[in-house]
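2 protein chains.
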Amino acid sequence: MRLDPFFKARRIAVIGASRERGKVGSVILKQLKNKKAYPVNPHAKRILGLKAYASVKEIPHKIDLAIIATRAQTVPKILQECQEKNITHAIIVSAGFKEIGNELLQKELSEAIRKTNITVLGPNCLGVFDAHNRLDTLFLPEDRLKRPKPGGISFLSQSGALGSAVLDLAAYKGYGFAKFISYGNAENVTASDILEFLAKDKDTKVICAYIEGIKDGKAFLKSAKKCKKPIIALKGGITKAGSSAAQSHTGALAGKKEIYYGAFKQAGIIIAHNLEEVFIFASIFSTIKTKPRGKRVQIITNGGGYGIVTADAIENRGLALAKPGSAIKSLKKEMPEGVVAKNPFDLLGDATNERYDKAIKAAMKDKNNDAIVVVILPQTPRIDLSIKKTIIRASRKKEKPIVAVITGSEYSMSLRRALEKEKIPCFEYPEKAILALSAYLRS
Amino acid sequence: MRLDPFFKARRIAVIGASRERGKVGSVILKQLKNKKAYPVNPHAKRILGLKAYASVKEIPHKIDLAIIATRAQTVPKILQECQEKNITHAIIVSAGFKEIGNELLQKELSEAIRKTNITVLGPNCLGVFDAHNRLDTLFLPEDRLKRPKPGGISFLSQSGALGSAVLDLAAYKGYGFAKFISYGNAENVTASDILEFLAKDKDTKVICAYIEGIKDGKAFLKSAKKCKKPIIALKGGITKAGSSAAQSHTGALAGKKEIYYGAFKQAGIIIAHNLEEVFIFASIFSTIKTKPRGKRVQIITNGGGYGIVTADAIENRGLALAKPGSAIKSLKKEMPEGVVAKNPFDLLGDATNERYDKAIKAAMKDKNNDAIVVVILPQTPRIDLSIKKTIIRASRKKEKPIVAVITGSEYSMSLRRALEKEKIPCFEYPEKAILALSAYLRS
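Line by line, the protein sequences give chains L and V.
First residue of the first sequence? That's 3 in this note's numbering, and the numbers climb one at a time after it.
First residue of the second sequence? That's 3 in this note's numbering, and the numbers climb one at a time after it.
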């Protein structure tokens, strides 16, 4: 199944394009204006300055992709017209099928897809967003839903609204995206088809998925097993309460927790327990440069309390507090009184960039740890933003993974952004850093 | 023990005031310049434009509070001078006592406190920050550490660095603070003294504490039991790994998890498992207007997937998904096709403000629920910011608690800020809202 036309289409027909500002068919057309878009609407001559066509068949060019945003009842017939126009790919945005109990219409649609042999995404979906080439079929305007910057995270979501909120949040938090695919009722293109496609996609480094029920469960797990990229999945409807809700949402029958999680683990899928975990895991998997050889973590900090809660998190998440070896211990004579070369390695509130530099270099050399968590409270007066150089230098050596914890407001955020730009995993709270590291180690 | 002079002092001596920009004794003096501050330094004539004194005894005014930021060795003698000047309260910022193993000096200090009868906060602490009257003894400049806006949260922290990072984060996230107290080694004023003081403080609505080891454990628990305000505590060093780290930090012996948590529960203290939980719990306890009568939660949403993960969180956190009663069920005829008056009550992606208004009003009337979680994805085109009116109106009735989940970037944040201004608990992720609600219900 070829899915690249969904992302590489040059000429796109928007069937159900609308002149009414804010309407689905209007927003989609607006987003596609930088591409070659052809509005289809029998009641309009021009839409957003473009010539409108009464039917897709009247467009005098080859069309690579049709986006259908008309009333649900009209969709099967429109698919027929698309076939007559030799269109091979369509995104059906329209809702009103099995997700609201209209099984009959869903069946009719299924029949139309089979007959026309068109590759269909949806129905009841948002379609796609490609952060690299900016192909964007989302009917939510940018003043409402910010689009994330280009990066390595791809996200597939059964739920359109959840997916769109995720995109908006990702933009807000600065995560870089490759492709976003909202596949809705998955009548034709399924989660496993998308998974296989993303496994080969050069922009995609990490695959995230929100799943309610998997129709093609076995195929999905098979695709996941084959996939060499990390897959992070959040399963909605994992409880009894959530499962009955899921049933009336996408019409998908959600299964038991144990069955899902067991199958996910077997297929090497990383289980996120909530939306935030999806981001946390995606963040570390898309940035970390070096796989740690073991689970012994060395903490370096300028805040005693932060060192302690980091140590607590390490034990709680099943990692181990490294026992400092000779490289760290021998630093004692180079450090001022009160700095104890232990773990956590507490550089104290008057820590300087230089003190951090020495400690990080020693920890990199030390044979008794596998990963280094550098906790920086940039509030203290004797360090400044040039501390980033030390961390970037150490990280580039790719000998051991370095994860940073940076807590605070504007000043701290500027340090965080500088490190994130260099793809160094950064977290706001120690617990999140350790959660991420432990997920990475278990994968 | 009177602690109000720490917050209400009018004339303050800064012993160890410095002319060197960025130095502890310089920043403290600068922060206090809007108060009547008297620098003490035998090697300077003027500091930051103020006349400097060689000794505290030479200041020709009554001094309400001394802040001591000199070398640790000099502190006992300085306390003696403070007594001769009839100073009753002192904050010892200086470090270098038992926290670095200098038990002898700590003992000497203890002796000096006993002899002089001065009420002492510290040593090895940051002192205090009062967001309402802006008394601020923190030696971290505002371009590094933003101060939070005035509000109802007070925070006591054994660890200065952790406490300061918490302040900076609180400022960043928009939480309102009453008083912040960093008490360090607690040689004289202890955590339980501070707790008793905050229990009576009119600005304090919620008390948060970061604790490593409690010296006066029994007194602390007794004070907590008496306190009518919610107390949220994060215990650092709760694991074996963290506990050994805590020992070398504030010299406090951390105890076993079961013992601490058991005692906390008995004393009615809300246990936070990490820093973020402190904020989440403080947020709901300082805003919620109505205590729910039970644990049955009704979800209203415009995102099916968000409804499902909210339902999952409800079951995972031991709350119950309410069974909609007649008030909600009777809405069916007023809603468009596809909207099912169930729980989650999914108003669909084309939900309007009006649809939310009807649903919230019905849920408020419905006898089958105790609390309402309103999930809003403001990305969808047919709702806008005036939806806040509906939520504020319902919340003001104080019949049932309303908790909002608002996910997204700028546009969403403007809605969130509008609701937070009205003290409606708002969260970014469904799981956080449910975690907060469940903590509130258990309290």
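Any given hint could turn out to be false.
No copy is singled out in the list; a pair is fine if it fits within one copy or between any two copies.
Straight-line alpha carbon distances no greater than 27 Å define the calculated DSS-like cross-link-like pairs of lysine-lysine that follow [what the hints assert, rightly or not]:
hint, residue 1, residue 2
1, Lys423, Lys148
2, Lys100, Lys334
3, Lys220, Lys32
4, Lys175, Lys151
5, Lys391, Lys100
6, Lys297, Lys59
7, Lys175, Lys148
Since the hints were derived computationally from the structure, they do not count as laboratory data.
Hints versus structure:
no.: 1; hint: Lys423 to Lys148; verdict: both (20 Å within a copy, 24 Å between copies)
no.: 2; hint: Lys100 to Lys334; verdict: between (68 Å within a copy, 19 Å between copies)
no.: 3; hint: Lys220 to Lys32; verdict: neither (39 Å within a copy, 67 Å between copies)
no.: 4; hint: Lys175 to Lys151; verdict: both (10 Å within a copy, 23 Å between copies)
no.: 5; hint: Lys391 to Lys100; verdict: neither (55 Å within a copy, 34 Å between copies)
no.: 6; hint: Lys297 to Lys59; verdict: neither (61 Å within a copy, 57 Å between copies)
no.: 7; hint: Lys175 to Lys148; verdict: both (11 Å within a copy, 20 Å between copies)
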